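J.: Residue numbering for the sequence shown follows the working numbering, beginning at 42 and increasing consecutively.
Errors might be hidden in some of the hints.
[To be verified] Label pairs and their computed distance ranges (CB to CB):
#, residue 1, residue 2, range
1, Pro-72, Pro-172, 38 to 46 Å
2, His-177, Asn-54, 20 to 28 Å
3, Arg-65, Asp-187, 37 to 45 Å
4, Pro-180, Glu-87, 17 to 25 Å
5, Asn-142, Pro-180, 34 to 42 Å
6, Asp-146, Met-113, 17 to 25 Å
7, Asp-92, Pro-179, 21 to 29 Å
8, Ser-151, Ser-190, 16 to 24 Å
9, Lys-126, Pro-73, 42 to 50 Å
10, Gly-100, Gln-192, 42 to 50 Å
11, Pro-72, Ser-190, 42 to 50 Å
12, Ser-190, Lys-126, 18 to 26 Å
13, Ile-102, Pro-180, 30 to 38 Å
14, Gln-192, Gly-141, 43 to 51 Å
Calculated from the structure, these hints are not laboratory results.
None of the values given here were measured: they were computed from a predicted structure.
Even glycine gets a Cβ: it sits at the ideal position worked out from N, Cα and C.
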Amino acid sequence: MTEHNGGEPLVTNEQREIIREIERSLRASAPPDWLEISLHYRATVEIGEVDLHASTTSGEITHWDHPIECTMLLDHLREEMRRAKEGTWFTASCVINRSGNCTMDFDYNSEPSWHTPIPPSAYLSDLQRFPRSEEHTPPWLREQRDTASSQRVPHLHDFSTA
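Using the sequences and the accompanying hints, generate a full structural model.
T.: Okay, here's the thing in structure tokens:
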């Protein structure tokens, strides 16, 4: 059974199906003795970062490379979950246990905890793809947007020839 926590409930069958595909992909790629799978995904339209591990029957924590289709599905889910004036989420967390439960949380407003800091321009690109009204733009994102805008290199057509 797939559950969704945080924000508005999933409202489309397409969103539910994408989550089921993510779950299937993770289950198929997990080590054979897994008990619980945890995935944490941070993304903008330019950059994505995945932490994936499983606890095993022996009590160990195993890390493995995520299946590429999982990233593609997560990016598609970001697109599908965009909200007018609110953009889309930056972070998704998924926990799957052996008994069949899958929970996902989506964070639209907190700054992602990247392993390697990303450039402000990545957030600006994200805002261009997933626009937000000013009231739905958290202060940290405004700062990133404004920094990226001030660092923007003028294009040739920005110069006057007069």
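J.: Evaluate each hint against the coordinates.
T.: For each hint, the structure was consulted:
1. Pro-72 / Pro-172: 38 to 46 Å: About 41 Å separates the Cβ atoms of Pro-72 and Pro-172, which means 38 to 46 Å holds.
2. His-177 / Asn-54: 20 to 28 Å: About 26 Å separates the Cβ atoms of His-177 and Asn-54, which means 20 to 28 Å holds.
3. Arg-65 / Asp-187: 37 to 45 Å: About 41 Å separates the Cβ atoms of Arg-65 and Asp-187, which means 37 to 45 Å holds.
4. Pro-180 / Glu-87: 17 to 25 Å: Distance hint for Pro-180, Glu-87 holds at roughly 22 Å.
5. Asn-142 / Pro-180: 34 to 42 Å: holds, 35 Å
6. Asp-146 / Met-113: 17 to 25 Å: Holds, at about 20 Å.
7. Asp-92 / Pro-179: 21 to 29 Å: holds, 22 Å
8. Ser-151 / Ser-190: 16 to 24 Å: Once the Cβ atoms are compared, 22 Å apart, the range 16 to 24 Å for Ser-190 and Ser-151 holds.
9. Lys-126 / Pro-73: 42 to 50 Å: Roughly 45 Å apart at Cβ, these two residues keep to the hinted range, so it holds.
10. Gly-100 / Gln-192: 42 to 50 Å: holds, 48 Å
11. Pro-72 / Ser-190: 42 to 50 Å: Holds: the Cβ-Cβ distance is about 45 Å, inside 42 to 50 Å.
12. Ser-190 / Lys-126: 18 to 26 Å: holds, 20 Å
13. Ile-102 / Pro-180: 30 to 38 Å: Given range 30 to 38 Å: holds, Cβ gap about 35 Å.
14. Gln-192 / Gly-141: 43 to 51 Å: holds, 48 Å
Of the numbered hints stated above, none is contradicted by the structure.
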